[in-house]
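Asks: Residue numbers (my numbering), protein chains in the order written: chain A, -12 to 391; chain B, -12 to 391.
One or more hints might be untrue.
One copy or two, it doesn't matter: identical chains are merged, so the pair holds either way.
Unchecked claim - Below, simulated DSS-like cross-link-like pairs (lysine-lysine); rule was C-alpha separation at most 30 Å, straight line:
id	residue 1	residue 2
1	Lys198	Lys9
2	Lys269	Lys153
3	Lys168	Lys285
4	Lys16	Lys198
5	Lys305	Lys16
6	Lys16	Lys269
7	Lys269	Lys9
8	Lys150	Lys212
It is worth saying that the hints were derived from the structure and are not from the lab.
One letter stands for each residue in the lines below.
There are 2 protein chains.
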Amino acid sequence: MIQVAVLGYGTVGSGVVEVIEKNREMVNKKAGEDLNVKYILDLRDFPGDPYENKVVHDFAQILEDDEVKIICETMGGVGAAYTFTKQALSAGKSVCTSNKELVAAHGPELLALAKAHTCNYLFEASVGGGIPIIRPLNYSLTAEHIEEIMGILNGTTNYILSKMEKEGADFDSVLKEAQEKGYAERNPQADVEGFDACRKIAILSSLMTGKNVDYNRIYTEGITKITSEDFAYAAFMSMSIKLLAISRDTGGRTLAMVAPCMISREHPLYMVNGVFNAVFVKGNMLGDSMYYGRGAGKLPTASAVVSDVIDCARHQGKVIMCFWDSEEAQLQGIDDTERKFFFRVKKSGEEKVKALFAGAEYVRLPELEEECGVITGTMKEKDFEALYEQLGEEKIGTRIRMEA
Amino acid sequence: MIQVAVLGYGTVGSGVVEVIEKNREMVNKKAGEDLNVKYILDLRDFPGDPYENKVVHDFAQILEDDEVKIICETMGGVGAAYTFTKQALSAGKSVCTSNKELVAAHGPELLALAKAHTCNYLFEASVGGGIPIIRPLNYSLTAEHIEEIMGILNGTTNYILSKMEKEGADFDSVLKEAQEKGYAERNPQADVEGFDACRKIAILSSLMTGKNVDYNRIYTEGITKITSEDFAYAAFMSMSIKLLAISRDTGGRTLAMVAPCMISREHPLYMVNGVFNAVFVKGNMLGDSMYYGRGAGKLPTASAVVSDVIDCARHQGKVIMCFWDSEEAQLQGIDDTERKFFFRVKKSGEEKVKALFAGAEYVRLPELEEECGVITGTMKEKDFEALYEQLGEEKIGTRIRMEA
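I would like the entire structure built from these sequences, with the hints used as guidance.
Replies: Here's what the structure looks like:
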């Protein structure tokens, strides 16, 4: 019997208890030993909850109980969760987490701490919810040199963009509706500004390079400026607009960024709609692959946490392979990356565009007579920005990168 | 240094040597020790090949060399490959294989043999080529009760169907072209009759149930009867026709089958085109997930074999978890499964259809005036077949199952 503690009895934490309970037979078989949730740490009490007698308020009680071998940290944040995780690992207790902020902020330190105490710090649930992506990267694509990871890593923004695309609605009204339905937070900034996706691509980028990719250094742009007109142009070009989190090997350096991009109907990520997430991985031997599923939600995320618990149970006294050094990865600035760009311009600005952007293509929609869309040739980000700036008042809306 | 032997220097075998060579640094880092290909077993000689001095013709030489710890079986077939695998495992040498016939035919026996000799029999490359699917099923979706696996598992047939769909061409001409391009074998039966997909879903089904699913007991139907007219109807209904390999928990029993099916544009498998493969997995906690990539090809398949080699290297003296008992799984016969069916009927047969299939829907294409398409209500396979038979000469072509 392996005793487990769950820190934080919120959505994911209660999901963890539910998964262990509902799939008990399968979970115990795979773990090779019976698992039992001995403690649930939360500040609140849960009178009437079937597990109310497991609830404790003091982490010390868990830390000091030698029977507890595995801890699920489903609290979130980088405060108490950080402290508790360090204490747990230092005591040789493995920690499984869904906390992307903490993993992105302190991953290498916590992995090193786990290694030093011959236990494990696992975080499958921190990226892509229920989609197995950390483990495939660490255990499956081991013979690959990963050249690119491109993910739709945030369900809220993907839901909003999919709905804008499908219904021709504008950002504000779709966001409001998403908030009413509970698909978006009341304070939606972390999602719509791309901060959540940024943490997640920082984690994937670090695993891809084996070094540390600091999320503070990742170029991050949200979806708030995307309009229904942008989607009209995208549809006309058989493309879609997705918030992409990208990590790309540019030859020794790594380009890491989060931004709304146009992708074509041929790309596997094109069909990833609604709350679904997906991670596209390109290896030098394997070529293109993709991992798709529910990127969030109580049970999918909890299932990933429990798969980590099972992994810990099967590897007691062993350190599971994970290459993520504290050494900072060499990042490539976005300024020098090359691609095509899409933007909208007033009819009065067309001549100016022609003079500035040689070789650009023009897209005209019958319903938007007073403007046109422009697709530039392949050019450096900084060169584009300099020319685009010169269009001044002729510009409409924002420019969108063309990705694939 | 871990010494490795490769059995069979054909497409996959030479790919294995190439992957170990090209990604040497990454492979050795992940393996935790340097890997070296010491022997290549083949009946032929390879004068001028950079590895010609590693080529041997007698398996005994490999078997008797205590330095060789890991063997890659990339010969195929169930003859010598079976004998060599048994001998290797009995000698405590781990075996990594791409040989789906052998895994499907003797999986449980070989796994038990490996366990008895504290080594491993791994077969990531046997299904889905480079797509990590065996390892995700065995190590990642461990907290899940898997309810359904639905795969596009054969690249040749998917290429043919995609091309028929895109170009409105008929089966025979596309097959011929595929053969000329080397995408289809000169003897294409194993692919186009679904036998290859059948072996692969037998393997996935066995891992899903933990018991043995005998491929001989899997209902298998190929794509040779699918016509360009079928695709015209599918397109009109926003659907596609794919050769699906299905394993579904029907409550204690397992339905396993391979057949061309119609799937709707909303299903993740809809966009899997050309030589790409994908496996859709539905878990009771996770919901829908999908794994997508190159299902065949030298380097993708070899990369999967090498990922198994790395796994063996990291687990020397340990048996890696794999639940696949020799006990036969309880299969559900196809006769009692329920779904909708699509078929074509001559105009003269419409009244008969109306009398036989209450609640059917009708699809009329302007370019096919002398017939119509019919979609039945949900009904049992055996009930459908009985009624469909009564249509006699009024039927056109074949019936196609509506899957998702």
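Asks: All the hints need checking, so say for each whether the structure fits it.
Replies: Evaluated hints:
no.: 1; hint: Lys198 to Lys9; in the structure: between (38 Å within a copy, 21 Å between copies)
no.: 2; hint: Lys269 to Lys153; in the structure: both (29 Å within a copy, 26 Å between copies)
no.: 3; hint: Lys168 to Lys285; in the structure: within (16 Å within a copy, 48 Å between copies)
no.: 4; hint: Lys16 to Lys198; in the structure: between (35 Å within a copy, 14 Å between copies)
no.: 5; hint: Lys305 to Lys16; in the structure: both (20 Å within a copy, 18 Å between copies)
no.: 6; hint: Lys16 to Lys269; in the structure: between (34 Å within a copy, 20 Å between copies)
no.: 7; hint: Lys269 to Lys9; in the structure: between (36 Å within a copy, 16 Å between copies)
no.: 8; hint: Lys150 to Lys212; in the structure: within (15 Å within a copy, 39 Å between copies)
Checked against the numbered hints above, the structure violates none of them.
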